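The primary structure of each chain is shown beneath.
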Amino acid sequence: MSSFADQLLVLVMLINFAVLGSSRIALAIRAVAAQGVVLGLLPWLIHPFSWHLLAIMVGIILAKGVLIPWLLTGAVNKAEIRRETEPFVGYVTTLIIGALLTAFAFVFAGKLPLAPAHQGLLFVPASVATVLTGFLVLTTRRKAITQVIGYLVLENGIFIFGLLLTEAMPVMVEAGALLDLLVGIFVMGIIINHISREFSSIDTSRLTTLKE
Amino acid sequence: MLYSLIILPLVGALIAWLIPGDRLRPLLLPLFGALHTALTIGVLIITPLPSPNDWIHLDALGKVVLLGISVLFLVCAVYAVGYLGYRRERSNRVLCAGLLICLSAMSLVCTAHHLGLLWVAIETTTVSMAPLIYFNRNARSIEATWKYMLICSVGIALALMGLFFLAYSTMVAGQEPTLLLEPLIASARNLSPDWLKAAFIFLLVGFGTKMGLAPLHTWKPDAYGEAPGLVGALLAGGLVNCAFIGIARIYQICTAAGNPGFFLDTLLIMGLISMGFAAVFMVNQSDFKRMLAYSSVEHVGILAVALGLGKGALFGAIFHLVNNGLTKGVLFLSSGNIHRSYNSKNTSQVKGVLRRLPWSGGLFLAGFFAITGSPPFSPFLSEFSIVSSAFHQERNVTSGLFLLFLAVIFIGMASTVLPLVSGEEPAEAVRTPYRDRLLTVGPPLVTMLLVLMLGLWLPEPLRRLLTDAAALLEVRP
Chain W
1 MSSFADQLLV
11 LVMLINFAVL
21 GSSRIALAIR
31 AVAAQGVVLG
41 LLPWLIHPFS
51 WHLLAIMVGI
61 ILAKGVLIPW
71 LLTGAVNKAE
81 IRRETEPFVG
91 YVTTLIIGAL
101 LTAFAFVFAG
111 KLPLAPAHQG
121 LLFVPASVAT
131 VLTGFLVLTT
141 RRKAITQVIG
151 YLVLENGIFI
161 FGLLLTEAMP
171 VMVEAGALLD
181 LLVGIFVMGI
191 IINHISREFS
201 SIDTSRLTTL
211 KE
Chain H
1 MLYSLIILPL
11 VGALIAWLIP
21 GDRLRPLLLP
31 LFGALHTALT
41 IGVLIITPLP
51 SPNDWIHLDA
61 LGKVVLLGIS
71 VLFLVCAVYA
81 VGYLGYRRER
91 SNRVLCAGLL
101 ICLSAMSLVC
111 TAHHLGLLWV
121 AIETTTVSMA
131 PLIYFNRNAR
141 SIEATWKYML
151 ICSVGIALAL
161 MGLFFLAYST
171 MVAGQEPTLL
181 LEPLIASARN
191 LSPDWLKAAF
201 IFLLVGFGTK
211 MGLAPLHTWK
221 PDAYGEAPGL
231 VGALLAGGLV
241 NCAFIGIARI
251 YQICTAAGNP
261 GFFLDTLLIM
271 GLISMGFAAV
281 FMVNQSDFKR
291 MLAYSSVEHV
301 GILAVALGLG
311 KGALFGAIFH
321 LVNNGLTKGV
331 LFLSSGNIHR
341 SYNSKNTSQV
351 KGVLRRLPWS
361 GGLFLAGFFA
371 ITGSPPFSPF
381 LSEFSIVSSA
391 FHQERNVTSG
401 LFLLFLAVIF
411 IGMASTVLPL
421 VSGEEPAEAV
431 RTPYRDRLLT
441 VGPPLVTMLL
451 VLMLGLWLPE
461 PLRRLLTDAA
471 ALLEVRP
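Residue numbers (UniProt numbering), protein chains in the order written: chain W, 1 to 212; chain H, 1 to 477.
FYI, nobody ran anything at the bench for these hints, they're computed from the structure.
On a predicted model such as this, the values are computed, not experimentally measured, just so you know.
Possibly wrong hints are sitting among the right ones.
[As the list claims (entries may be wrong)] Covered by chain H, per the in silico footprint, the following chain W stretches (three or more residues, Cβ under 8 Å):
no.	region
1	113-126
2	152-159
3	169-175
4	180-188
5	191-202
Yeah, the Cβ is synthetic: ideal placement off N, Cα and C, and Gly gets one too.
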């Protein structure tokens, strides 16, 4: 089963590149949604079945695959933006940096003192690579909405690591974390609306009134 | 008892959401604030038993922070009634409900002994504060809210990664993975040291962002500058203390693991960097609310230095947590009044405050003396005990830098505050309908008197509580 999990994790890492390379925001939102659904399937492959697990899986797929993309699409439609124009760093460059970061994640994970059961699995490198991709999107894009997408990719990366420890995270805490994420994205969506109304754009490089 | 501390404010938030009128709604805040304070005093006198699975457990550290937050919230709640009287032009539904949700989440932070639950509670405080920073609904406040929301969310996400690393360190050690505080402290010596270090760094970066330790403080001046005074007071005196609890919990685990040198030095250096940053940016600061934000960066730096010093400085750290929270309450509430009266927070337009608003101006001035560590106010005592512990441990570089930064900050802050309160009102200064009234001056005045009282006389039960809380953080050899 774990080889199938590894294939899914490769898919997660490929989706990272889809997010990095797409200028169309709708596509990036769909890519993150797909990533969320893949992550929602993973617990089922690596842990024995339990109701706890099922609840978590349903919650993740609903939150990351349905609700969050729906909220983001709503924000995009209201703000009437289609593309990320003029990112701080071009698409080709970010793709190359992304590839380098992924390679680095594999080298780095190889050096970590992992528990014997997790050696040779793709979980840790995939997690590190996805977190770094999230950071890359956060720092290189101008639009508020793409920054939220970067935050979601980062969160997904952290979540992959969390899959190794489902026993330590009780359902209550998992549910609370998902709810917080959901409300956080909801609030961010509202802020994006207000930014676009106030500045007639959601270009965050215009948010420069407040500085020393 | 403990559950009601968390559930009661949520009930209040629900009622606040359902009440249709903007006039009656703010009255809910002091009502639920007073109930919360009464409950808090109740649990301080008769400590309730922890929940059976030990998720909810009020220890001495939680008690100190809970007391500080509850008193500060009550003060801000009374103030809110007066403040919102001047802000009839916009609905206060989100503000009132958000404040009460935040109070509930902060109470949960104080009582959580499951680190996952603690994380959820801290994240909830972040999210519930975001709409409150945006209360003024203009371009500047939306910018501040966006920076706050994005930077703090990313920070908190990194803290979650740190928690996962912590749980993983138990797994590498071949134990049942857990995030409960007591088992983690008890088994700290067996945890994998490398993963523990990684967990510490991620949690420090995560909760440090929330607390505003430099260089992770970039959201702070914007959010504190644009938020209404009472929200600023709760950010600086409430959320900072919650993030401190997060850092204190990981501190308890890491120092119990043996070889605490790495953890202590990291905190010490980060604290000194924060104080240095604050000292640099405090000089020539023309916006008095942003100045308060840098003062907050300074004081979280002091807290981190005190944790890094350990031993005798721990009492100072816990005491300073209370003092900083209360004094920031005075400063933010009185600066809110000044802002309201002049409709500006720039020192080029705001002058002669003592003439126009003798009460608010006087409180702002007294708060300035208190926060910069002048006797006889209580922050002097806590800062003094931290410095004297540094000298006692013969950490001369640390104590030298500490005193140098305090001196620079005093001068920098004085050069903004003194021209602001004294002198003549500029002829072109705007006049607004705001006048000092009991409801907007009374709450900061009571807080100021509390700060003065703690500086002159520390009641015995409180001293015992502070000592117990410091003992929890003690590094055991």
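Hints versus structure:
1. Counting residues of the region 113-126 of chain W whose C-beta sits closer than 8 Å to any C-beta of chain H gives 3, which meets the bar of three, so the coverage hint holds.
2. Counting residues of the region 152-159 of chain W whose C-beta lies closer than 8 Å to any C-beta of chain H gives 3; at least three are required, and the coverage claim holds.
3. Evaluation of the coverage hint for the region 169-175 of chain W: fulfilled, as 4 residues show C-beta separations to chain H shorter than 8 Å, against a requirement of three.
4. A stretch counts as covered by a chain when three or more of its residues have a beta carbon under 8 Å from one of that chain; for the region 180-188 of chain W and chain H the count is 5, and the coverage holds.
5. Requiring three or more residues with a Cβ within less than 8 Å of a Cβ of chain H, the coverage given for the region 191-202 of chain W holds, as 5 such residues are present.
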